[in-house]
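Enquirer: Next come the chains, spelled out residue by residue.
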Amino acid sequence: MKKTPLYDAHIGYNAKMVSFHGYSMPLQYDSIINEHHCVRKNAGLFDISHMGRFEVSGNNTLPFIQQVITNDAGQLKDNQVLYTPICNEQGGIIDDILVYKWNEKRFTLVVNCGNREKDHLWLQKQAVAYQPSDIRDLTDSISLIALQGPQSVCMLEAALGSKFDYIKKFRFDDFLWDGVRITISRTGYTGEDGFEIFVDAKQAAKLWNLLMEKNKQNSLMPIGLGARDTLRLEACLLLYGNDMDETINPLETTIDWTVKFDKNNFFGKDSLLRQKTKGIERKLVGFEMIDRGIPRHGYPVFKGNEAVGNVTSGSFSPSTNKNIGLCLIKSQYARIGEELHIQIRDNGYKAHVVKTPFYKRK
Amino acid sequence: MANIPSELLYTKTHEWVRKISSKEVIMGITDYAQQQLKDIVFVELPPIGKELKAGVPCAVVESVKAAYDIYSPISGKVTKVNQKIQEKPQVVNEDPYGEGWFLQIEISNPNELSSLLSPDQYRVASAS
Numbered sequence: 005m006k007k008t009p010l011y012d013a014h015i016g017y018n019a020k021m022v023s024f025h026g027y028s029m030p031l032q033y034d035s036i037i038n039e040h041h042c043v044r045k046n047a048g049l050f051d052i053s054h055m056g057r058f059e060v061s062g063n064n065t066l067p068f069i070q071q072v073i074t075n076d077a078g079q080l081k082d083n084q085v086l087y088t089p090i091c092n093e094q095g096g097i098i099d100d101i102l103v104y105k106w107n108e109k110r111f112t113l114v115v116n117c118g119n120r121e122k123d124h125l126w127l128q129k130q131a132v133a134y135q136p137s138d139i140r141d142l143t144d145s146i147s148l149i150a151l152q153g154p155q156s157v158c159m160l161e162a163a164l165g166s167k168f169d170y171i172k173k174f175r176f177d178d179f180l181w182d183g184v185r186i187t188i189s190r191t192g193y194t195g196e197d198g199f200e201i202f203v204d205a206k207q208a209a210k211l212w213n214l215l216m217e218k219n220k221q222n223s224l225m226p227i228g229l230g231a232r233d234t235l236r237l238e239a240c241l242l243l244y245g246n247d248m249d250e251t252i253n254p255l256e257t258t259i260d261w262t263v264k265f266d267k268n269n270f271f272g273k274d275s276l277l278r279q280k281t282k283g284i285e286r287k288l289v290g291f292e293m294i295d296r297g298i299p300r301h302g303y304p305v306f307k308g309n310e311a312v313g314n315v316t317s318g319s320f321s322p323s324t325n326k327n328i329g330l331c332l333i334k335s336q337y338a339r340i341g342e343e344l345h346i347q348i349r350d351n352g353y354k355a356h357v358v359k360t361p362f363y364k365r366k
Numbered sequence: 012m013a014n015i016p017s018e019l020l021y022t023k024t025h026e027w028v029r030k031i032s033s034k035e036v037i038m039g040i041t042d043y044a045q046q047q048l049k050d051i052v053f054v055e056l057p058p059i060g061k062e063l064k065a066g067v068p069c070a071v072v073e074s075v076k077a078a079y080d081i082y083s084p085i086s087g088k089v090t091k092v093n094q095k096i097q098e099k100p101q102v103v104n105e106d107p108y109g110e111g112w113f114l115q116i117e118i119s120n121p122n123e124l125s126s127l128l129s130p131d132q133y134r135v136a137s138a139s
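Just so you know, the sequences run in chain order A and B. The first sequence begins at 5 in the numbering used here and counts up one residue at a time. The second sequence begins at 12 in the numbering used here and counts up one residue at a time.
Any given hint could turn out to be false.
Claimed, not checked - Straight line, CA to CA, 30 Å or less: simulated DSSO-like cross-link-like pairs of lysine-lysine:
| # | chain 1 | residue 1 | chain 2 | residue 2 |
| --- | --- | --- | --- | --- |
| 1 | A | K359 | B | K99 |
| 2 | B | K88 | A | K354 |
| 3 | A | K173 | A | K364 |
| 4 | A | K354 | B | K99 |
| 5 | B | K91 | A | K45 |
| 6 | A | K173 | A | K210 |
| 7 | A | K105 | A | K20 |
| 8 | B | K91 | A | K354 |
| 9 | A | K326 | B | K23 |
| 10 | B | K49 | A | K20 |
| 11 | B | K49 | A | K6 |
| 12 | B | K91 | A | K20 |
| 13 | B | K49 | A | K326 |
| 14 | A | K264 | A | K173 |
| 15 | B | K99 | A | K364 |
| 16 | B | K23 | A | K20 |
| 17 | A | K354 | B | K23 |
| 18 | A | K307 | A | K20 |
| 19 | A | K218 | B | K61 |
| 20 | A | K220 | B | K49 |
| 21 | A | K218 | A | K129 |
| 22 | A | K354 | B | K49 |
| 23 | A | K364 | B | K91 |
| 24 | A | K326 | B | K99 |
| 25 | B | K61 | A | K7 |
| 26 | B | K49 | A | K45 |
| 27 | B | K99 | A | K366 |
| 28 | A | K45 | A | K210 |
| 29 | A | K282 | B | K99 |
| 30 | A | K45 | A | K129 |
| 31 | B | K61 | B | K23 |
| 32 | A | K307 | A | K366 |
| 33 | B | K91 | A | K326 |
In short, the hints are calculated from the structure, not lab data.
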């Protein structure tokens, strides 16, 4: 089992550790519900060092990136971040990633932990046609810490003694902290304001402890994967492996806006365009339970007696105090207000399609 | 440390049993179980009248993260269910041996009581 450089810190905070794609990661330190509310009201600190990080560089980097992503990196300014799927030729989602543009010849990609090796192989294979463009896996040498919540600007400033509000949403910048270069990005996976910080693995524990120490009075809490999941679901941020995989294309999901048909060729373009013209047969939508019951990944969805799809993610939602989920169902039922039944164990429980996100920050 | 009241009987699967007459018992889940599950957000109970078999799932408890089966400690018929924990599942976390009880059962085979664990036996079982 792999450990992140913050493993000892998690144990010090009495985390309940679980195995997550080969890493020992904190599921929760306290109660998932308390951690969830802490991020919504205050702020929380996450170890996300398990996520994969690649650096792509070379003269043909931008055209290469444009070929492998469905979103358009051509419009990006330096120090800007883009969320995008990478698709195969059939339009199936290989992964959903963040693309960081340093300049036209240098990008950083942040990918899902479980897809790191698959992505690396795929990218290397495709890069052959775009020489020189070099892909290096920096996951083990650089750690990633997320500070998320309405108080995260104040807390980051308290810890590092500098101003960071100039870094706008989906922008990033370097910062020299105690002689160590760190990269601070205004991004996250919670639906709140917040930052994701790249730091040399050897310095990660020092930075984590500094953030915790300097914000003791501000009640900063460490947050585990359990609350990370409820936070992202309420904000309708998709989870690879649950809401997306290679059998699902982006047009069928809530991230259809990330497919930019007006840019030049990219993997999956022809196939996605054909499917768009033909009409999308399934759609990912949010639903809320009417009857009591908690929907979970994989549960069947019915309209009357007809099986119309499956739940992809589901949970109790601490912020709305409701049971919510996402389901991939036949498009004709993907209308707001449509009443469906979720099969939980042996019985059908009433639910209805609702607007997403389930939670939006004020 | 989990609380293990001395007047109750227990199962290896972390249910407790309280004898209330020669024929009837009340059951719930132990303090250890609620601590392990942490935030309980849903409880599904069987209907009154349902015949239960010892060692077979009789209820479901869900935390934020997942669903867990609760096993019937004894064979018999459900005579009462605790509505309160269906409406306010957190009561199971707050008071697992009191207001957080699950079912009242009319037992069909009193001999089964002797195979349940004593508090001392359960202390050992839940420590390993």
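Enquirer: For every hint, state whether the structure bears it out.
Expert: Against the structure, the hints:
no.: 1; hint: A:K359 <-> B:K99; verdict: 27 Å, holds
no.: 2; hint: B:K88 <-> A:K354; verdict: 29 Å, holds
no.: 3; hint: A:K173 <-> A:K364; verdict: 16 Å, holds
no.: 4; hint: A:K354 <-> B:K99; verdict: 20 Å, holds
no.: 5; hint: B:K91 <-> A:K45; verdict: 40 Å, violated
no.: 6; hint: A:K173 <-> A:K210; verdict: 26 Å, holds
no.: 7; hint: A:K105 <-> A:K20; verdict: 36 Å, violated
no.: 8; hint: B:K91 <-> A:K354; verdict: 26 Å, holds
no.: 9; hint: A:K326 <-> B:K23; verdict: 33 Å, violated
no.: 10; hint: B:K49 <-> A:K20; verdict: 11 Å, holds
no.: 11; hint: B:K49 <-> A:K6; verdict: 26 Å, holds
no.: 12; hint: B:K91 <-> A:K20; verdict: 36 Å, violated
no.: 13; hint: B:K49 <-> A:K326; verdict: 18 Å, holds
no.: 14; hint: A:K264 <-> A:K173; verdict: 21 Å, holds
no.: 15; hint: B:K99 <-> A:K364; verdict: 26 Å, holds
no.: 16; hint: B:K23 <-> A:K20; verdict: 22 Å, holds
no.: 17; hint: A:K354 <-> B:K23; verdict: 35 Å, violated
no.: 18; hint: A:K307 <-> A:K20; verdict: 39 Å, violated
no.: 19; hint: A:K218 <-> B:K61; verdict: 57 Å, violated
no.: 20; hint: A:K220 <-> B:K49; verdict: 24 Å, holds
no.: 21; hint: A:K218 <-> A:K129; verdict: 45 Å, violated
no.: 22; hint: A:K354 <-> B:K49; verdict: 27 Å, holds
no.: 23; hint: A:K364 <-> B:K91; verdict: 42 Å, violated
no.: 24; hint: A:K326 <-> B:K99; verdict: 13 Å, holds
no.: 25; hint: B:K61 <-> A:K7; verdict: 48 Å, violated
no.: 26; hint: B:K49 <-> A:K45; verdict: 21 Å, holds
no.: 27; hint: B:K99 <-> A:K366; verdict: 29 Å, holds
no.: 28; hint: A:K45 <-> A:K210; verdict: 26 Å, holds
no.: 29; hint: A:K282 <-> B:K99; verdict: 48 Å, violated
no.: 30; hint: A:K45 <-> A:K129; verdict: 45 Å, violated
no.: 31; hint: B:K61 <-> B:K23; verdict: 23 Å, holds
no.: 32; hint: A:K307 <-> A:K366; verdict: 35 Å, violated
no.: 33; hint: B:K91 <-> A:K326; verdict: 27 Å, holds
The structure shown violates the earlier hints numbered 5, 7, 9, 12, 17, 18, 19, 21, 23, 25, 29, 30, 32.
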